[in-house]
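*Asks:* Chains A and B, in that order, are what the protein sequence lines are. 1 is the number of the first residue of the first sequence in our numbering; add one for each residue after it. 1 is the number of the first residue of the second sequence in our numbering; add one for each residue after it.
It is worth saying that the hints were derived from the structure and are not from the lab. Treat the hints with care, since some could be wrong.
[Stated by the list, open to error] Derived pair list, reagent style DSSO-like, types lysine-lysine, alpha-carbon separation capped at 27 Å:
{"id": "1", "chain 1": "B", "residue 1": "K21", "chain 2": "A", "residue 2": "K37"}
{"id": "2", "chain 1": "B", "residue 1": "K146", "chain 2": "B", "residue 2": "K46"}
{"id": "3", "chain 1": "B", "residue 1": "K75", "chain 2": "B", "residue 2": "K46"}
{"id": "4", "chain 1": "B", "residue 1": "K48", "chain 2": "B", "residue 2": "K155"}
{"id": "5", "chain 1": "B", "residue 1": "K85", "chain 2": "A", "residue 2": "K34"}
{"id": "6", "chain 1": "B", "residue 1": "K85", "chain 2": "B", "residue 2": "K45"}
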Amino acid sequence: MGRIYAFLDDRLNLEPLVRAIADHPVPDHANPLKTPKALMYCFGGIAFMLILLQIVTGMFLMLYYVPSPDHAYASVTYIQDEVMFGSLVRAVHRVGASAAIVMVFLHMMRVYFTGAYKKPRELNWIAGIFLLVIVIGFGFSGYLLPWDQKAYWATTVGINLVATVPLVGDFLANVLRGGSEVGALTLVRFFVIHVMFLPALLLVFLAAHFFMIRRQGISQPL
Amino acid sequence: MTATIAETTTSRRNFLANGIKAIAGFFILALGIPLTGFTISSALKKDKHDWIEAAELGDLSDDKPTRITYHYRRKDGWMTTESRKTAFVVKEGNDAYTVFASRCTHLGCGLDWDATTNQFKCPCHGGVFDAHGNVVEGPPPRPLVKLGCKIEGRKLFVMEA
Chain A
1 MGRIYAFLDD RLNLEPLVRA IADHPVPDHA NPLKTPKALM YCFGGIAFML ILLQIVTGMF
61 LMLYYVPSPD HAYASVTYIQ DEVMFGSLVR AVHRVGASAA IVMVFLHMMR VYFTGAYKKP
121 RELNWIAGIF LLVIVIGFGF SGYLLPWDQK AYWATTVGIN LVATVPLVGD FLANVLRGGS
181 EVGALTLVRF FVIHVMFLPA LLLVFLAAHF FMIRRQGISQ PL
Chain B
1 MTATIAETTT SRRNFLANGI KAIAGFFILA LGIPLTGFTI SSALKKDKHD WIEAAELGDL
61 SDDKPTRITY HYRRKDGWMT TESRKTAFVV KEGNDAYTVF ASRCTHLGCG LDWDATTNQF
121 KCPCHGGVFD AHGNVVEGPP PRPLVKLGCK IEGRKLFVME A
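Next comes chain A alone, as it looks inside the complex (with noise of 0.2 Å):
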């Protein structure tokens, strides 16, 4: 590891830019082993580790997972009963998720009582607000993928809400449906909603939300 890190860095300099990354003072009342209620101030990094454990497994999943309504839930039952760790690599995509998206909201919350959404960071939290749609997006569109009755009357509930939209409502649902129906269509939609649309969008704002917190730093304490 050394001697490949020494290679490297002869060629290519990387010692300021590891340096400008990794060696960033965390203030004491952000850091957990100086202030143990600084642990709030570590959600915000567990979701995304969450988020990072869903990229992988979700990766992986995707190896056996069929976005028809013919196999589906054939495809599914498969990698639960007879992939080799199967069940275990879904349920960590599937607890993960939840996970994931109760540590975002945490973390809202943590920088929402700290008044940490104030000057200068207001464009931080718009950022996050969008993070925060994206992920219960991930939610939202992952539901129906095992394409089992919960995954289809949840979809059917969540579009009629969507309906409910004055003037675009029944528009925007039947966009949501690709048709009139929830059917192939939908499955397909949400599937590369999930892997493709979502993940693009999920890059650009995390990209933005660190950026802007290594430029401002972490909020003062109250």
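Since the structure of chain A is provided, determine the placement of chain B on it from the hints.
*Replies:* Positioned in the frame of chain A, the structure of chain B alone reads:
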């Protein structure tokens, strides 16, 4: 004195760095092992063939091969496909049977039993096999494929090789 402080500072720094590496290593292992198993698991699976009930012993002819049909279920990942297959059962003695797949070893055409010459004939390219499945003439490169078979309670079961 100052040197000692510098030393302890460095060692504390190293200690924490090593701690981070250890935690990262734990996570990489805890994820890596299941995910590796997950990925290679379908490649490690052996094709499983089940015994298929193919015929009643009473329906089989004593002196000439009997054509039987059976339903063959093939598992392909989460999909199961069922196909109808035919085979010939040759009685070799008391409760001793040989089952040949009705499939020419040349290009896979279905075979017919010719009762006048006591031979299996392939309608496609003139392949001919005797009653024991050996090639008599024509292009087939190998004898007929034998299926596994067993008798249980007056019923004949076959298994795809």
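*Asks:* Take the hints in turn and mark each one as holding or not.
*Replies:* How the hints compare with the structure:
no.: 1; hint: B/K21 to A/K37; in the structure: 25 Å, holds
no.: 2; hint: B/K146 to B/K46; in the structure: 20 Å, holds
no.: 3; hint: B/K75 to B/K46; in the structure: 11 Å, holds
no.: 4; hint: B/K48 to B/K155; in the structure: 22 Å, holds
no.: 5; hint: B/K85 to A/K34; in the structure: 74 Å, violated
no.: 6; hint: B/K85 to B/K45; in the structure: 25 Å, holds
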